[in-house]
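Colleague: Residue numbers (my numbering), protein chains in the order written: chain A, 18 to 256; chain B, 74 to 458.
Think of the hints as simulated: they come from the structure by calculation, not from any bench. Take the hints with a grain of salt, since some may be wrong.
What the hints assert, rightly or not - Not the full set, but computed from the structure, chain B residues with beta-carbon under 8 Å of chain A:
no. : residue
1   : Ala352
2   : Met353
3   : Glu357
4   : Phe370
5   : Ala446
6   : Ile450
Said to hold, decoys possible - Between beta-carbon pairs, the in silico distance windows are:
no. : chain 1 : residue 1 : chain 2 : residue 2 : range
7   : B       : Phe397    : A       : Gly62     : 51 to 59 Å
8   : A       : Asp89     : B       : Val396    : 40 to 48 Å
9   : B       : Leu96     : A       : Gly213    : 52 to 60 Å
10  : A       : Gly191    : B       : Leu89     : 31 to 39 Å
11  : B       : Lys78     : A       : Ala145    : 17 to 25 Å
Ideal Cβ positions, reconstructed from N, Cα and C, are used throughout, including at glycine.
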Amino acid sequence: MTLPLISVRGVSKSYRRGGQVVPVLHDITFDVQRGDFLGLMGPSGSGKSTLLNLIAGIDKPDAGELLIDGVDITRLEETALADWRAGSVGFVFQFYNLMPVLTALENVELPLVLTSLSRQERRVHATAALGLVGLADRVAHYPSELSGGQQQRVAIARAIITDPKLIVADEPTGDLDRHSAEEVLTLLDRLNVELGKTIVMVTHDRRAADRAHAIMYLDKGELSRAGDIHERSVREARA
Amino acid sequence: MQSLKLILRNALRHKLRTGLTVLGLIVAILAFGLLQTVVDAWYAGANAAAPNRLVTRNAISLVFPMPVHYRDQIRAVPGVRGVAPFNWFGGYYQDPKNFFAQFAVDPVPFLAMYPEYRIAEDELRAFLRDRKGAVIGRKLAATYGFKIGDTVPLQGTIYPGVWSFTVRAIYDGAEAKTDTSQMLFHWTYLNETMKQRVPRRADQVGVFMVQIDEPQRSAEIGQAIDQLFRNSLAETRTETEKAFQLGFVAMTEAIVVAIRVVSFVVIFIILAVMANTMAMTARERAPEYATLKALGFGPTYVARLIFGESVAIALIGAVIGIVFTFPVAHWFGAKMGMLFPVFEVSATTVGLQVACAVGVGMVAALLPGCRAARVRIVDGLRAIG
């Protein structure tokens, strides 16, 4: 049996708001296997984005363990955690979060600045990634010159540029029209199926969730059906 | 390279905001440079002083003269190379507002100790031959349009009557800091005329300019000179030319201090403007900085982007401000006329302008830079939309 890529063990998280402690996640435990495409669903405030942030290493739990590819990221110092994120996680945000002053190519190239690659090598990789998301003809365009769907595809190219095992997507279709959303979901699907990327996606959209192999429901910080992950095959999902 | 690109493009992102901030910086750096140049002009006399020149004056006050026979006694002090009587004339040309410095000097020893006054050989000979001749500085000649051979009548204030001089020579300064706004004439002409007009005021000297062989012995020689006249009717005080000039500056020190304070207040004001710009900028870009951190860039990188942008904007303003400082200072110096004989923007002033700009850039970015570096990624991302 292979080690799961993500292993969440007894994770709890609360926030302080106006002197009050607001629990967000309570004793969450589950695994995500390598190559899985997990959809996180639930009503607003259920803690799904918080859980995604914890898995991505941009927030820390109050209690519990988060083992990603065997590394307990809750024990990593800030610098080590940043290094880990740079090499291990690709981010896709709802509002794309591209640098408006950089072109599509420069945005995709950005994470590679942290690597030892030369400028030339970075350019080659970034161009290839943009080609992969179907934007080879938009390399010199600034985000403001691209549609929402195109911007999200640039963001996806940026997410895969360092070849991470894990891609986290927070409402990746939340700001897109139906057609663009379909394009983005198809792209994520391809990354999962063709490149073997493990994807964890937060979504409100049932159609988006249908692309996932598994869906996990969160309600009031707890798995509504603890440990019960709705499994389905890629083939079933597409049927 | 990518960082530099980000810094520069971010700096020019809000063109109006950056433009107005840069405009403010230009004005501040220009005003600072101008005010510093005014302060430098105040010290021009002291800065032009030579270490081998001493000034002997009446110990009570400058307004009290000394007998001219002190000259021979001072000349006999070991280490003294030359002595020249030096009287402030204090006249004006045609109208009291046409005021410039005029000094009665013994030209041979005086010009020997002021090699920075460059005079053509033939003009110097003509001056030495003419008892009523005068040497004027190039700036003075340009200001009033005086030429060789012109007669310059001066209305005396300290020395009564109208005094007529013939311009025999025009001197240039060896350096930019050399004062060329003065007029020099023969002390003997002043003295002989006073013998006729007011005999009791004849044979009196305002100060003695003393040239010495070894500058490092200035204190010892000064003491030896003052010792000569101890317990006399006119005791003396001898000091270096620089100390003598600084004595004049000290009389108006409050003004100099006020100008200095104002120059730094200007910088402080632009610092506040710049800090506000950077705070707004950093607040608006919180999601971008959070994204960079999420992608693996450290807090230092984010802080560096903000510091870099702030310093880049400050330097753009500084460079333009410094470029404008020179013509504005030239215009200002010309408008001030004889008030500031030397009005040059010094390298130190330019250095201070650059240092202030970098300082403003750094300090303005301090708070937003540290805040952006410290802010949690999730909080930064939440600021979106």
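Colleague: Of the numbered hints stated earlier in the document, which are not met by this structure?
Modeller: 1, 2, 3, 5 and 8
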